[in-house]
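From just these sequences and the hints, can you work out the full model?
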Amino acid sequence: MCIDIIKGCEKREIMSFLSLVVKNPFRNKTRSALAIVGIAIGIMVIVALGMVTGGLKNSTQSTLKAGAAEITVVQAGSNSFESGGTINESTAADILNLSGVKDTTGILRASNTSTSIATTSSNSSQGGFAGPGGGLSITGIDSSKLSLLGIDSLNGTVFTNSSTNQVIMGKTVAQDLNKTVGDTIDLYGQNFTIVGTFETGSFLTDAGIMMPLANLQNLTSNQNKVSDVLVKVTDNANVTTVSNEIDNAYPNQLTTTTAADQANRINQGLSFIDTASWAISLLAIFIGAVGVINTMIMSVYERTREIGVLKAVGWTDRRILGMILGESIVLTLIAFVVGTIIAVVGVELILTLSPSVGGIITPSFSYDIFLRAFLVAFLVGVFGGLYPAYRASRLSPTEALRYE
Amino acid sequence: MNNTENIIEIKGLKKSYDNGKIKALNGMDLEVKKGEFISIMGPSGSGKSSLLNMIGALDTANEGSIMVAGIDLMKTKKLNKFRSKEIGFVFQMHNLIPNLSVIENVQIPMFETNASSTEMRERALELLKAVDLEDKIDQKPTKLSGGERQRVAIARALVNHPSIILADEPTGSLDSKTGEVILNLLKDLHAKENVTLVMVTHEPYVGNMAERIVNVLDGKCQNIVSSLS
Ligand SMILES: Nc1ncnc2c1ncn2[C@@H]1O[C@H](COP(=O)(O)OP(=O)(O)OP(=O)(O)O)[C@@H](O)[C@H]1O
Ligand SMILES: [Mg+2]
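Those protein sequence lines, which keep their order, are chains A and B.
For reference, each letter of the first sequence is one residue, going 1 to 404 in the working numbering.
For reference, each letter of the second sequence is one residue, going 1001 to 1229 in the working numbering.
Hints in this document: simulated from the structure, not taken from any laboratory.
Listed below are the simulated DSSO-like cross-link pairs for lysine-lysine, each with C-alpha atoms no more than 27 Å apart in a straight line:
no., chain 1, residue 1, chain 2, residue 2
1, B, Lys-1034, B, Lys-1078
2, A, Lys-23, B, Lys-1140
3, B, Lys-1033, B, Lys-1011
4, A, Lys-23, B, Lys-1143
5, B, Lys-1014, B, Lys-1220
6, A, Lys-23, B, Lys-1081
7, A, Lys-23, B, Lys-1136
8, A, Lys-29, B, Lys-1143
9, A, Lys-29, B, Lys-1136
10, A, Lys-29, B, Lys-1140
11, B, Lys-1023, B, Lys-1077
12, B, Lys-1014, B, Lys-1033
13, B, Lys-1192, B, Lys-1136
14, B, Lys-1143, B, Lys-1129
15, B, Lys-1192, B, Lys-1034
16, B, Lys-1187, B, Lys-1143
17, B, Lys-1187, B, Lys-1033
18, A, Lys-171, A, Lys-145
19, A, Lys-171, A, Lys-57
20, B, Lys-1034, B, Lys-1014
21, B, Lys-1075, B, Lys-1034
Below is the structure:
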């Protein structure tokens, strides 16, 4: 906007014009504040939703971790989260014989609704990730097969398969129940020692408790039964091919889901949230832009005489355009700062005050969220300021000076 | 340009408003010498401000010719550059920018020049000293009296070393005593800065301070009265 910039004029001179541009929005503080609030809300929505959906996306991506089973096999007609044993334990060994299969294991998913849990945690009743029936999600698994669930490292030790009183606990439940390694927990009316805790990054896995398969089978009267068979394919095998192979080997008995399928389903949900957040953002931006246009038109209108004076002292139309446009951008950039701060502080506050939500979502601070919000603010400033700035630059000096 | 040359030459200048219904200027002729101090007098609505606007290139005429400081204002496209270089305006109302300090207000016209920030500040200080306001340079105009504001406006008008000062009733909103101070200041600075001064006024005693009075009636110069000089 400053033609002198091209000519390489001195910094102080540019600063002076810039400081005028920065000062002017503060002349009518109430009106500017209202415009800023309008845009800041839009920016806040963009940043907050961006941080949350970005965090969820990171979380689903880590469910596709290397090492974990790619295929989950369940009884036909049931869903993978249903608890209770429906598949014969020996099926795991049978599937291992199919080509392209590297490793398998049967797991038993169950839930514990014991009242003693409910009293240990005020949050367990609202935890959206709790197992079916609203209790804790408990999985029985062979200790040597934990990697198929993506559990590669533990804080503490792993349970021994023959034990009847040892569990390991996901990070989210541990936080939620305020438990660490060495603490005990009451499950199915028995005392269990937490020998280890784990964090996989997958919020479903991290919200669960693991114990030896045999022990859970006994406790839930599911001897020799499993609910899922986890299948890991060989390095060169195609997941879909193996998945179809399993489906064909057990028609009407078993169905398969791949980790990629699951991630896709979650990502579809996330992309819906993404779209919705864009729609909300666009609406907020539109309202914000209308606010900016209105604010700047009022400002130009009130300063008609002053603009006439600036023309009389020789200011170019371009400089006047630049000044008003700059003021508009200053407004929206303040809104960017305000909105971003509110969003970051707000999201962090909600996540700390509500650990059950905080356990699922680690907010993303990826810079493109902030870049996106910055661009939106900048563009609202440009588009909101363009028309008022054009009007100001085209004012006839004599009319402007006659203006009362 | 030597001293006997005309800095303003206007011939048959016409300007009408409202589709020709109002003839603000109706065949105006005027010649002003470089360094001259003239006052333009005449009844309300006779076209005094319109004439000043034409000289200052704030508006363009419909007909006739107008040469100011060697530039044909009927032809040039760079009106803002002309205003910035050649003209300093002093209005009846001071028209200062309220959120800028006194010295910043004076510097405003210099944005369009290549002056460095130190040059800008030094020039503004020099003029604020000349109008006796060096102790108020960081004040906001709202804290100043009417006469002080008008002195800031005069400093602002002179800051780019214009060849002509156009003053439209500069004392119109001041009491007569303050008005006199402002007039003397304008007259002094016109001599000191060697600048042509064209002043519109209603009041005869103000007009009489000029070297020459030009009477305007119905958009024309009536008779040229050589007064004091
Ligand atoms: N922009 C405009 N639109 C319409 N009419 C105008 C405009 N500017 C001036 N006029 C008319 O032109 C005529 C001359 O106006 P001008 O302002 O030049 O008078 P003046 O001599 O300065 O009067 P005063 O002493 O009251 O300031 C007036 O009739 C005025 O109403
Ligand atoms: Mg007038």
